[in-house]
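Could you build the full structure based on these sequences and the hints that come with them?
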Amino acid sequence: MTDFYDAQRAMRSMRKAALQRGVIAVLDVGSTKIGCLILRFDGVDRNIDAETVGPMAGQSGFRVIGSATTRSRGIEFGEIVSMPEAERAIRTVLQSAQKLAGVRVDHVIASFSGGAPRSYGLAGQITVEDQFVTEQHIAEVLSACDVPAYGEGREVLHAQPVNFALDHRSGLSDPRGQIGKELSTDMHMLTVSEKSILDLAYCIKRCDLELAGIASSAYACGMASLVEDEQELGSACIDMGGGTTSLSIFMKKHMIYADTVRLGGDHVTRDISMGLQVPIATAERIKTRSGGLMATGMDDRDMIEIGGDTGDWEHDRRTISRTELIGIMRPRVEEILEEVRAHLDAAGFEHLPSQQIVLTGGASQVPGMDTLASRILGQQVRLGRPLRIHRLPQAYSGPSCSALVGVSLFAAHPQDEWWDFEVPAQKLGARSIRKALRWFKENW
Amino acid sequence: MRPLGTRYTNVHDPAPSRLSYRLMRFMLTPLLRRLVFYGIPGFVLALAVGLYFADEEHRENLRAFADDVHRSIIERPEFKVSAAQISGAGPTLEEDIREVLPVDFPISSFSLDVQEMRKILVELDPVADASLQVRDGILFIDVSERKPAFVWRKRDGLELLDETGHYVRSITARMDYPSLPLVAGEGADKNIAEARTLLASAMPLADRLRGLIYVGERRWDLALDRNQRIMLPAEDAVQALEKVLILNDTQELLDRAISVVDMRLSERPTLRLNDGTSSVLLRQIKSSGADQ
Numbered sequence: 001m002t003d004f005y006d007a008q009r010a011m012r013s014m015r016k017a018a019l020q021r022g023v024i025a026v027l028d029v030g031s032t033k034i035g036c037l038i039l040r041f042d043g044v045d046r047n048i049d050a051e052t053v054g055p056m057a058g059q060s061g062f063r064v065i066g067s068a069t070t071r072s073r074g075i076e077f078g079e080i081v082s083m084p085e086a087e088r089a090i091r092t093v094l095q096s097a098q099k100l101a102g103v104r105v106d107h108v109i110a111s112f113s114g115g116a117p118r119s120y121g122l123a124g125q126i127t128v129e130d131q132f133v134t135e136q137h138i139a140e141v142l143s144a145c146d147v148p149a150y151g152e153g154r155e156v157l158h159a160q161p162v163n164f165a166l167d168h169r170s171g172l173s174d175p176r177g178q179i180g181k182e183l184s185t186d187m188h189m190l191t192v193s194e195k196s197i198l199d200l201a202y203c204i205k206r207c208d209l210e211l212a213g214i215a216s217s218a219y220a221c222g223m224a225s226l227v228e229d230e231q232e233l234g235s236a237c238i239d240m241g242g243g244t245t246s247l248s249i250f251m252k253k254h255m256i257y258a259d260t261v262r263l264g265g266d267h268v269t270r271d272i273s274m275g276l277q278v279p280i281a282t283a284e285r286i287k288t289r290s291g292g293l294m295a296t297g298m299d300d301r302d303m304i305e306i307g308g309d310t311g312d313w314e315h316d317r318r319t320i321s322r323t324e325l326i327g328i329m330r331p332r333v334e335e336i337l338e339e340v341r342a343h344l345d346a347a348g349f350e351h352l353p354s355q356q357i358v359l360t361g362g363a364s365q366v367p368g369m370d371t372l373a374s375r376i377l378g379q380q381v382r383l384g385r386p387l388r389i390h391r392l393p394q395a396y397s398g399p400s401c402s403a404l405v406g407v408s409l410f411a412a413h414p415q416d417e418w419w420d421f422e423v424p425a426q427k428l429g430a431r432s433i434r435k436a437l438r439w440f441k442e443n444w
Numbered sequence: 001m002r003p004l005g006t007r008y009t010n011v012h013d014p015a016p017s018r019l020s021y022r023l024m025r026f027m028l029t030p031l032l033r034r035l036v037f038y039g040i041p042g043f044v045l046a047l048a049v050g051l052y053f054a055d056e057e058h059r060e061n062l063r064a065f066a067d068d069v070h071r072s073i074i075e076r077p078e079f080k081v082s083a084a085q086i087s088g089a090g091p092t093l094e095e096d097i098r099e100v101l102p103v104d105f106p107i108s109s110f111s112l113d114v115q116e117m118r119k120i121l122v123e124l125d126p127v128a129d130a131s132l133q134v135r136d137g138i139l140f141i142d143v144s145e146r147k148p149a150f151v152w153r154k155r156d157g158l159e160l161l162d163e164t165g166h167y168v169r170s171i172t173a174r175m176d177y178p179s180l181p182l183v184a185g186e187g188a189d190k191n192i193a194e195a196r197t198l199l200a201s202a203m204p205l206a207d208r209l210r211g212l213i214y215v216g217e218r219r220w221d222l223a224l225d226r227n228q229r230i231m232l233p234a235e236d237a238v239q240a241l242e243k244v245l246i247l248n249d250t251q252e253l254l255d256r257a258i259s260v261v262d263m264r265l266s267e268r269p270t271l272r273l274n275d276g277t278s279s280v281l282l283r284q285i286k287s288s289g290a291d292q
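Chains A and B are the protein sequences, given in the same order.
So for the first sequence, our numbering puts the first residue at 1; every next one is plus one.
So for the second sequence, our numbering puts the first residue at 1; every next one is plus one.
The set of hints was computed from the structure by calculation and includes no laboratory data.
Wrong hints could be hidden among the right ones.
Residues from chain A shown here face chain B by an in silico Cβ test under 8 angstroms; the list is partial [said to hold, decoys possible]:
hint: 1; residue: R88
hint: 2; residue: A89
hint: 3; residue: R91
hint: 4; residue: T92
hint: 5; residue: Q98
hint: 6; residue: K99
hint: 7; residue: L100
hint: 8; residue: R104
hint: 9; residue: Q160
hint: 10; residue: D208
Quick list of in silico lysine to any residue cross-link-like pairs, SDA-like style, CA-CA up to 25 angstroms [unchecked claim]:
hint: 11; chain 1: A; residue 1: K99; chain 2: B; residue 2: K147
hint: 12; chain 1: A; residue 1: K253; chain 2: A; residue 2: R332
hint: 13; chain 1: A; residue 1: K99; chain 2: B; residue 2: F26
hint: 14; chain 1: A; residue 1: K99; chain 2: B; residue 2: L32
hint: 15; chain 1: A; residue 1: K16; chain 2: A; residue 2: D420
hint: 16; chain 1: A; residue 1: K99; chain 2: B; residue 2: D176
hint: 17; chain 1: A; residue 1: K205; chain 2: B; residue 2: Y21
hint: 18; chain 1: A; residue 1: K99; chain 2: B; residue 2: R22
hint: 19; chain 1: A; residue 1: K99; chain 2: B; residue 2: L35
hint: 20; chain 1: A; residue 1: K99; chain 2: B; residue 2: R18
hint: 21; chain 1: A; residue 1: K33; chain 2: B; residue 2: R22
hint: 22; chain 1: A; residue 1: K16; chain 2: B; residue 2: R25
hint: 23; chain 1: A; residue 1: K16; chain 2: B; residue 2: P30
hint: 24; chain 1: A; residue 1: K205; chain 2: B; residue 2: S17
hint: 25; chain 1: A; residue 1: K195; chain 2: A; residue 2: W419
hint: 26; chain 1: A; residue 1: K33; chain 2: B; residue 2: P91
hint: 27; chain 1: A; residue 1: K205; chain 2: B; residue 2: R22
hint: 28; chain 1: A; residue 1: K205; chain 2: B; residue 2: G39
hint: 29; chain 1: A; residue 1: K205; chain 2: B; residue 2: M24
hint: 30; chain 1: B; residue 1: K147; chain 2: B; residue 2: D176
hint: 31; chain 1: A; residue 1: K205; chain 2: B; residue 2: T29
hint: 32; chain 1: A; residue 1: K16; chain 2: B; residue 2: T29
hint: 33; chain 1: A; residue 1: K205; chain 2: B; residue 2: P30
hint: 34; chain 1: A; residue 1: K99; chain 2: B; residue 2: G39
hint: 35; chain 1: A; residue 1: K33; chain 2: B; residue 2: D142
hint: 36; chain 1: A; residue 1: K33; chain 2: B; residue 2: R25
hint: 37; chain 1: A; residue 1: K16; chain 2: B; residue 2: F26
hint: 38; chain 1: A; residue 1: K205; chain 2: B; residue 2: R25
hint: 39; chain 1: A; residue 1: K33; chain 2: B; residue 2: L265
C-beta: ideal position from N, C-alpha, C; glycine also.
Encoded structure:
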């Protein structure tokens, strides 16, 4: 357990060093595209009057100086399946972003959606002996959480205290300085498979970069796409990517649940490819240019050239109506959304006070997605796009880049995680004594 | 999986090679970047220029070229000054000016130092002030000449002075300037202002006045015809002169046989009679006394 703790602490100090240098890269490793933004932190918000504007939802204080995307290769379902190809893809995107920025970047914060994320709710309780609750107590109560056995080969990606309670007063976001006896906390922990993290870290290391942080792309999308009151009152952000559809549930400005459905826009493309017997690239073009989910009478007359270069005139001249295309796409999208619905139900989403659902990601751009989603997921569905950040290029302001923007916000203003607090001394001491005892037992 | 050991010639993949990626990152190192973009080109340029001009012939060529350019500019007809036109000076003074000015026409207006020329002109004795101007290729010299106001008789000749007492020129005959008053005596030019006020006060005696004599470099004498002389004090000479004039108006003092009216102590005017007059007067006084 201390391994990941130390690794995360190391990444936090790396991030601090990167902010000192003022340049950091954020990388979103997706199944269809890999995007990279290079951020410069030069205190833009020094000119902004903090009294009047407020913290600007965290999107001030840095600007984008370089950006690039490239087609993914070697990545499926958000996980690296071919290391050399993934490394080449990451290298491509980093080189073009650095070229655009004109600066060298040494630190990168990455996000990915794979690794089968699993959410755990943790609770811990301690008795406060002193009069006031101090930071030390918070660290103690976080350490007092009983960590479930999340299994071999898994790693903690996020561990955020969501709620504090002090003597039956619950819902405290920051109990420091308050007076009480019993301090308890609820913590949300997200684990992913260790292999996916190690693969990503290795690819980044091969590009001569230091990893300064890892985020789940579900979390990043929620940070970027949900507005403040949605994050506060309870909402779900559904990031419909190419290989995976990840969902994150936010409540009181904290992520309380994240999960991934291993279905995405690529499956829709593959259905079209199989249904129409066209190559994947053609199917992708047909999907993005003419795709839809809600058929109308007009769509029967809207004929789409399929094209092809087999040399067979009859085969290359085929046309289909848009209704037929919708007939291929819609079942698959419905399947994805129903799967999402099942995950939301499993997470107990219906118990939240507000049940706003925000769809974002590249696959959410299909016309008619909001109508279809509101039939399956509930009435409060909207299409989300990421926050605007300083100097973000227009091409990156669409929903397909919300994870990228979310990681930028994560890089600038990360929420407190478990490893941001000092390890309580006695706990560490007890652990090392236990370790020594175990060593004796094993060797004598 | 991509086959091992083959080059990716047919695969569309824009990925840079590891080497080019590392090279680009190396080139983006801030110090190196500055060195490559500014340091090395600057050094090479400086080196090339230095090596080129290490050769004396090249330096000479550059200097000649610069001189050529300079000359071609200053010798343009727009800058040529072909003549000088002098106004406000008499013929002799004009000749003097032309002699003293160190210019040979035609000349470029760049090589004319007008300030220096004005200084030279103003140092000439007959010139009170001068203004020089280059216009339409001609040097206009506007001179105001000193006006002679006094003739100063010195031991070694006659000089003309202007009204400030400044030397104008030497003359040979006093009668060339009969209208100018005559002054004499050492250092008369130093106190010519007082001479002017005295002259103005002595207007009633103008037809009799022969000249003013500066005595002992401190006071003035008025010399009248018939060898009469009015000796004035160093202080308040004008008041003393006016006293004499009043005496003259009331008692025809100067028409009498008096050679000197001595006002050096102005509270106590003293008269000196002509030679011989005193004995005649004495006799008359005696005889009138004998009659009684």
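- Message: Can you confirm whether the C-alpha distance between K16 of chain A and D420 of chain A stays at or below 25 angstroms?
- Response: holds, 12 angstroms
- Task: Answer holds if the nearest beta-carbon of chain B is closer than 8 angstroms to that of R104 of chain A; otherwise answer violated.
- Result: holds, 4 angstroms
- Message: Just to be careful: measuring from the Cβ of L100 of chain A to every Cβ in chain B, is the smallest value less than 8 angstroms?
- Response: L100 of chain A check fails; min Cβ-Cβ to chain B is 11 angstroms, beyond 8 angstroms.
- Holds or violated: K99 of chain A to F26 of chain B, with C-alpha atoms at most 25 angstroms apart: It holds: about 12 angstroms lies between the C-alpha atoms, which stays within 25 angstroms.
- Task: Quickly compare the C-alpha distance for K147 of chain B and D176 of chain B to 25 angstroms and report which way the hint goes.
- Result: holds, 15 angstroms
- Message: Checking one constraint from the list: CA of K99 of chain A to CA of L35 of chain B, max 25 angstroms. Satisfied?
- Response: holds, 18 angstroms
- With 8 angstroms as the cut and Cβ atoms as the points, is D208 of chain A at the interface with chain B? At about 6 angstroms, which falls below the 8 angstroms cut-off, the nearest Cβ of chain B leaves the hint on D208 of chain A intact, so it holds.
- Status of the Q98 of chain A interface restraint (C-beta, 8 angstroms, chain B): holds, 6 angstroms
- Item | Holds or violated: K99 of chain A to L32 of chain B, with C-alpha atoms at most 25 angstroms apart | holds, 15 angstroms
- Quick one, are K33 of chain A and R25 of chain B close enough, alpha carbons at most 25 angstroms? holds, 23 angstroms
- Query: Do the alpha carbons of K205 of chain A and P30 of chain B lie within 25 angstroms of each other, as the hint requires?
  - Reply: This hinted pair holds, its Cα atoms lying about 21 angstroms apart.
- Message: Hint Q160 of chain A vs chain B: min CB-CB distance below 8 angstroms?
- Response: Interface hint status for Q160 of chain A: violated (34 angstroms vs cutoff 8 angstroms).
Going down the numbered hints, you'll see the structure goes against 7, 9, 11, 12, 16, 26, 28, 35 and 39, while the others check out.
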